[in-house]
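Enquirer: Sequence:
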Amino acid sequence: MTYKMIVLDLDDTLLRDDHTISPRTKEMLFKSQDAGVKVVLASGRPTYAMRALGDELRLADYGSYLLSFNGGRITNCQTNEDTFSSTLTLDDVRFLKDLSDKEHVFIHTYVGDNIITDKNNKYTTIEADITGLPITEVDDFVKSVPEPPVKVLMVEDPEILKPLEKKLQQELSERFSVLRSKPYFLEFTEKGVTKGTTLDHLIKQLGIKREEVIAIGDSYNDQSMIEFAGLGVAMGNAPDDIKAISDYVTTSNMEDGVAHVVEKFIFDED
Numbered sequence: 001m002t003y004k005m006i007v008l009d010l011d012d013t014l015l016r017d018d019h020t021i022s023p024r025t026k027e028m029l030f031k032s033q034d035a036g037v038k039v040v041l042a043s044g045r046p047t048y049a050m051r052a053l054g055d056e057l058r059l060a061d062y063g064s065y066l067l068s069f070n071g072g073r074i075t076n077c078q079t080n081e082d083t084f085s086s087t088l089t090l091d092d093v094r095f096l097k098d099l100s101d102k103e104h105v106f107i108h109t110y111v112g113d114n115i116i117t118d119k120n121n122k123y124t125t126i127e128a129d130i131t132g133l134p135i136t137e138v139d140d141f142v143k144s145v146p147e148p149p150v151k152v153l154m155v156e157d158p159e160i161l162k163p164l165e166k167k168l169q170q171e172l173s174e175r176f177s178v179l180r181s182k183p184y185f186l187e188f189t190e191k192g193v194t195k196g197t198t199l200d201h202l203i204k205q206l207g208i209k210r211e212e213v214i215a216i217g218d219s220y221n222d223q224s225m226i227e228f229a230g231l232g233v234a235m236g237n238a239p240d241d242i243k244a245i246s247d248y249v250t251t252s253n254m255e256d257g258v259a260h261v262v263e264k265f266i267f268d269e270d
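For the sequence shown, the UniProt record's numbering assigns the number 1 to the initial residue and increments by one for each residue that follows.
If you're looking for bench data, these hints aren't it; they were derived computationally from the structure.
A hint or two may mislead.
Stated by the list, open to error - Calculated lysine to any residue pairs in the SDA-like style (CA-CA distance at most 20 Å, straight line): (1) 102 to 142; (2) 26 to 54; (3) 31 to 243; (4) 122 to 133; (5) 191 to 118; (6) 191 to 85; (7) 162 to 230; (8) 97 to 114; (9) 209 to 191; (10) 26 to 264; (11) 31 to 268; (12) 102 to 114; (13) 4 to 78; (14) 4 to 212; (15) 166 to 111; (16) 166 to 267; (17) 162 to 183; (18) 264 to 210; (19) 31 to 269; (20) 4 to 267; (21) 4 to 230; (22) 167 to 98; (23) 264 to 241; (24) 26 to 63; (25) 143 to 78; (26) 191 to 206; (27) 102 to 139; (28) 166 to 209; (29) 167 to 230; (30) 97 to 78; (31) 97 to 197; (32) 143 to 113; (33) 162 to 148; (34) 243 to 267.
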């Protein structure tokens with residue numbers, strides 16, 4: 001199979017634990033792009049927090065894309081225009097805030113290039129460290145969100161969020177997509193919006209078949225694109241149930257797992 005696109009999750013997939021791209025991986029991604037393969041970044045991060053990595057891989061020069069907010073937005077790196085955007089409603093924000101209070105978990109979202117929360121906590125601080133976005137602590141969460149956001153997060157200890165994820169996926173399936181991007185991040189986007197559905201939208205724009213796509217990820221918010229792609233790849237550091245639904249399991253993010261996939265499936269070097 002000749003692959004025309006490789007779609008990469010960021011944290012714990014493309015990026016090492018220090019949030020950098022290894023020289024070997026970077027070399028193979030440039031080699032791929034020089035050969036005409038689209039390299040697309042797909043993350044739960046907001047678009048702003050993905051731009052520097054897109055610049056590092058020169059995605060604008062190669063006419064590629066960012067899939068941000070777990071699929072809530074597609075951005076053309078060359079034109080800086082959004083070719084797809086989905087949002088929640090302000091009623092959704094109010095509903096989710098009330099729900100977070102009921103379930104005794106923290107909540108945050110994005111307003112512009114700021115993280116908004118009504119109570120700062122260690123997990124929102126982790127989000128700020130990952131994204132580079134500042135935290136604004138507000139008195140009234142709902143009133144501090146003036147426009148419909150792309151997504152809202154509930155954050156807490158993993159042992160609290162894991163059963164809550166299963167419960168809310170069942171109770172709210174007609175209203176939201178509910179997925180954990182990390183053990184302590186439970187993310188809410190518009191119903192039907194996932195990395196997989198947005199990837200489908202992108203390849204139809206570009207005239208690429210799903211069989212010509214490789215998607216690589218490590219977590220539950222990557223499952224939809226791993227299952228959708230012609231070749232769905234789980235990282236060696238992914239949970240066992242993500243590995244189980246993948247077509248191939250590569251090495252970990254600390255062992256150049258992305259570079260290994262490129263060498264094996266795009267250049268037949270393995």
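Enquirer: Now tell me, hint by hint, if it's right for this structure.
Expert: Outcome of the hint check:
| no. | hint | verdict |
| --- | --- | --- |
| 1 | 102 to 142 | 15 Å, holds |
| 2 | 26 to 54 | 12 Å, holds |
| 3 | 31 to 243 | 27 Å, violated |
| 4 | 122 to 133 | 15 Å, holds |
| 5 | 191 to 118 | 25 Å, violated |
| 6 | 191 to 85 | 13 Å, holds |
| 7 | 162 to 230 | 29 Å, violated |
| 8 | 97 to 114 | 18 Å, holds |
| 9 | 209 to 191 | 24 Å, violated |
| 10 | 26 to 264 | 15 Å, holds |
| 11 | 31 to 268 | 13 Å, holds |
| 12 | 102 to 114 | 25 Å, violated |
| 13 | 4 to 78 | 18 Å, holds |
| 14 | 4 to 212 | 5 Å, holds |
| 15 | 166 to 111 | 28 Å, violated |
| 16 | 166 to 267 | 40 Å, violated |
| 17 | 162 to 183 | 7 Å, holds |
| 18 | 264 to 210 | 19 Å, holds |
| 19 | 31 to 269 | 13 Å, holds |
| 20 | 4 to 267 | 12 Å, holds |
| 21 | 4 to 230 | 11 Å, holds |
| 22 | 167 to 98 | 16 Å, holds |
| 23 | 264 to 241 | 23 Å, violated |
| 24 | 26 to 63 | 17 Å, holds |
| 25 | 143 to 78 | 35 Å, violated |
| 26 | 191 to 206 | 24 Å, violated |
| 27 | 102 to 139 | 18 Å, holds |
| 28 | 166 to 209 | 32 Å, violated |
| 29 | 167 to 230 | 31 Å, violated |
| 30 | 97 to 78 | 36 Å, violated |
| 31 | 97 to 197 | 26 Å, violated |
| 32 | 143 to 113 | 17 Å, holds |
| 33 | 162 to 148 | 27 Å, violated |
| 34 | 243 to 267 | 23 Å, violated |
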